[in-house]
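Novice: Here the protein sequences come in this chain order: H and A.
So in this note's numbering, spot 124 of the first sequence is number 124, and the numbers just go up one at a time.
So in this note's numbering, spot 15 of the second sequence is number 15, and the numbers just go up one at a time.
Hints listed in this document are in silico derivations from the structure and should not be mistaken for laboratory results.
Treat the hints with care, since some could be wrong.
To be verified - Here are the in silico distance ranges between beta carbons for each label pair:
1) H/Asn73 <-> A/Asp52: 27 to 35 angstroms
2) A/Tyr130 <-> H/Ala133: 49 to 57 angstroms
3) H/Ile161 <-> A/Tyr101: 47 to 55 angstroms
4) H/Tyr366 <-> A/Glu100: 29 to 37 angstroms
5) A/Gly99 <-> H/Ser60: 25 to 33 angstroms
6) A/Asp52 <-> H/Asp111: 30 to 38 angstroms
7) H/Tyr412 <-> A/Tyr130: 46 to 54 angstroms
Said to hold, decoys possible - Under the rule of at most 16 angstroms between Cα atoms (straight-line distance), these lysine to aspartate or glutamate pairs were calculated in the EDC-like manner:
8) H/Lys48 <-> H/Asp37
9) H/Lys125 <-> A/Asp41
10) H/Lys125 <-> A/Asp38
11) H/Lys183 <-> H/Asp219
C-beta: ideal position from N, C-alpha, C; glycine also.
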Amino acid sequence: MKKAPLESRRQFLQYTALSGAFAGFSLPVLSAESGLDYRDILPESMTKAGDSFSNYGQPSPYESKIIRWISANPDMPGNGVSWSPLHELQGSITPNGLHFERHHNGVPDIDPARHTLLIDGLVEKPLSFSVEALKRYPMQSRICFIECGGNSNSSWRSRPIETAAGYAHGLVSNAEWTGIPLKYLLQEAGIQSKAKWVIAEAADGASLNVSIPLKKLLDDAILALYQNGERLRPENGYPLRLVLPGWEGITNVKWLRQLRLTDEPAMSRDETAQYTDLMPDGTARQFSFEMEAKSLITSPSHGMKLPDNPGIYQLTGLAWSGRGKITRVEVSSDGGASWVDAELQQPVLSKAFTRFSLPWQWHGQYAMLQSRATDESGYVQPSREQLLANRGSHGFFHFNAIISWEVSEDGYLYHVYPD
Amino acid sequence: MATSIMFTRINLTLTLLFVLPVLAAQPLYQPLGQAASDLSDKPEWNLTISPDGEALPPGSGNAAQGKQLFEQHCVACHGFGAIGGSAMPLVGELGSLSGEYPEKTVNSFWPYATTLFDYIRRSMPPSAPYSLNSNEIYALCAYILSQDGIIEADVELNAVTLPQVTMPNRNGFSATYPQ
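One chain only, chain A, in its complex shape:
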């Protein structure tokens, strides 16, 4: 008898706790996110380099330094002179995009030079991402861009000069979204 009454009471309590929130528009859940302002300021959570170059790190490099680094780290896949191998060609083919044999190289196709820094740092070389330091990455960017005269051979690329580079295909894209 007593047991039965106890169950009834529990059932009523459960009903009040669970059924009413289900009827509400928003599901009921406990917010479990931890305050993370401290993480947001750390370099490991600021990897993306946007066209404004705001998140670019200190450091600098030029094409001559970049050529040496390229021959050390990149030629095995991208070929001497970055003209391609088992991996994509990175240079040349400017103006080819509307032709019969379009080639989408960094220099013929990529709209922003900042993307080059972003991508090399996060992905290259594939066997050891993040093994190149910032000076080395700026130098590799300078080497690739100078191959087609997008920058002069003696330019020092850094957090200020890299976002100022205008890529030949800067206006070659049209956003499909939003339609």
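Chain H on its own, in the form it takes in the complex:
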């Protein structure tokens, strides 16, 4: 039997009211007895030399379960995804080894010394660039999210998938990308007035090709060589990738080898057969590049259990929008009947993850946790009901509706649809 969510505005705590309850601890008194052997009373790590230096650091072995979750076609293991474990991460930067992956035919092995970028088509003079040459150009850094158009695609199904938050909604990650503003290279080649589109092609085993409006490449696009300060990881496009802030993942072409300026899009497979959004009338939205505002409570979330009843829990999550800055994230514990503003971690950056948080007091009652993002364009993240009313049930791509976690009376969290 489903229980009605409770009115719970008062369960979100003011920061000033937090002090009293946990203030009763006292310090142990150590005896000053002579002959005390500190090795008996100190942690073992303090009584011996530690491990040696490392050329490239790795996460603690105690964190070995914090991994990307791989989901690929067994007959074509290079075609699939790996999900970022958003439910295990904090802050807003995704570590390079945990950035989500989407490959169409595996991760190519590319020697940068043998890699060439060609810019041609409707230009004054076709130009090729070596990676070494590109490293001499002025670079800019941009912290932004990249989200696969197919992220959260299980949410189109009629029943909610019972899997961890990141493994259902983690085809999105956030990194600092450093590289060359594309406009420098395009201007060097000279843009013909007829040019409207750019066909970007990858040097992977799928030779992935998609069409990108020239206007975006002249706006805020970066030819990235670095990811969070180090050279791109192979699975994120080494040695060169496009980063198009706020735009669907497929347009952020990895392993970039060619930019051909044209007057029309190529109508490639990945902009017709895939990455188009089927609507209820049977037509499909094409070139739906912008990723609309979305948010997700990452903790507590599916699969976790609240250990204390009553207890205070730090609700936290991520919000992002391809249209600019997140201006507001509201949180509900009663399935959207009432909302409270969460605190946004500063600085809030345009087209980047924004971490939000809010302390929540749980008293063992049934609850339904939700978050709702608003961006600077005024767009408000829709409910699942609203999204499906507009887009039908077969859109597959661009699912950005509110995500709900049910908290049972014994403290377990499940993924649910509110209706």
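Assemble chain A onto chain H, guided by the hints.
Specialist: Positioned in the frame of chain H, the structure of chain A alone reads:
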């Protein structure tokens, strides 16, 4: 003394070289692109086939040839008759897109036949992209398209006839960009 004067001179020179350009609107950099007209004409830099079919290579193939090739290279994933397996179904389901169970096959959904040539050449089979020659790719296109009567079974597809094929869902897309 002399050393100190030398440093001063260098500092002045550095100031003139570096500070002034920073004040300019455009960043200062050395253009390092190499003239590449010769590359632009080569086949390996002309892989994309647009709906006009301009970049299609010579060669031709028909459905009967395509069926044999399909059973050799494609059935393991796409199933006999191209109705799907571990990989997508390629044929059938015409008219299903607005129904309760839409199926986006090549023949029900793809707006351009040229995309089929483009995609097979660059991606299929995934274990050996570019292992099929142009005749074989035309033949595979003919086999898939003929399964739903989009072309007659005896049509030879080539650089002229492929772009002339009208796909059933040609007008099924609306561009979201520019808004």
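Novice: For every hint, state whether the structure bears it out.
Specialist: Evaluated hints:
Under the hint 27 to 35 angstroms, the C-beta atoms of asparagine 73 of chain H and aspartate 52 of chain A, about 33 angstroms apart, fit the expected range. A C-beta distance of roughly 28 angstroms is found between tyrosine 130 of chain A and alanine 133 of chain H, which places it outside the suggested range of 49 to 57 angstroms. Roughly 19 angstroms separates the CB atoms of isoleucine 161 of chain H and tyrosine 101 of chain A, a value that falls outside the hinted 47 to 55 angstroms. The given range of 29 to 37 angstroms is respected by tyrosine 366 of chain H and glutamate 100 of chain A, whose C-beta atoms sit roughly 34 angstroms from each other.
Distance hint for glycine 99 of chain A and serine 60 of chain H: a CB-CB separation of about 52 angstroms, inconsistent with the stated range 25 to 33 angstroms. In this structure the hint that aspartate 52 of chain A and aspartate 111 of chain H lie 30 to 38 angstroms apart at CB holds, the actual value being about 35 angstroms. For tyrosine 412 of chain H and tyrosine 130 of chain A, the hinted distance range of 46 to 54 angstroms is satisfied, since their beta carbons lie about 52 angstroms from each other. With a C-alpha separation of about 14 angstroms, the suggested pair lysine 48 of chain H and aspartate 37 of chain H falls inside the 16 angstroms cut-off, and the hint holds.
Taken as a hint, the lysine 125 of chain H and aspartate 41 of chain A pair is honoured in the structure, with Cα atoms around 13 angstroms apart against an allowance of 16 angstroms. Taking the CA atoms of lysine 125 of chain H and aspartate 38 of chain A, the gap is about 11 angstroms. The hint holds against a cut of 16 angstroms. About 7 angstroms separates the Cα atoms of lysine 183 of chain H and aspartate 219 of chain H, which keeps this hinted pair within 16 angstroms; it holds.
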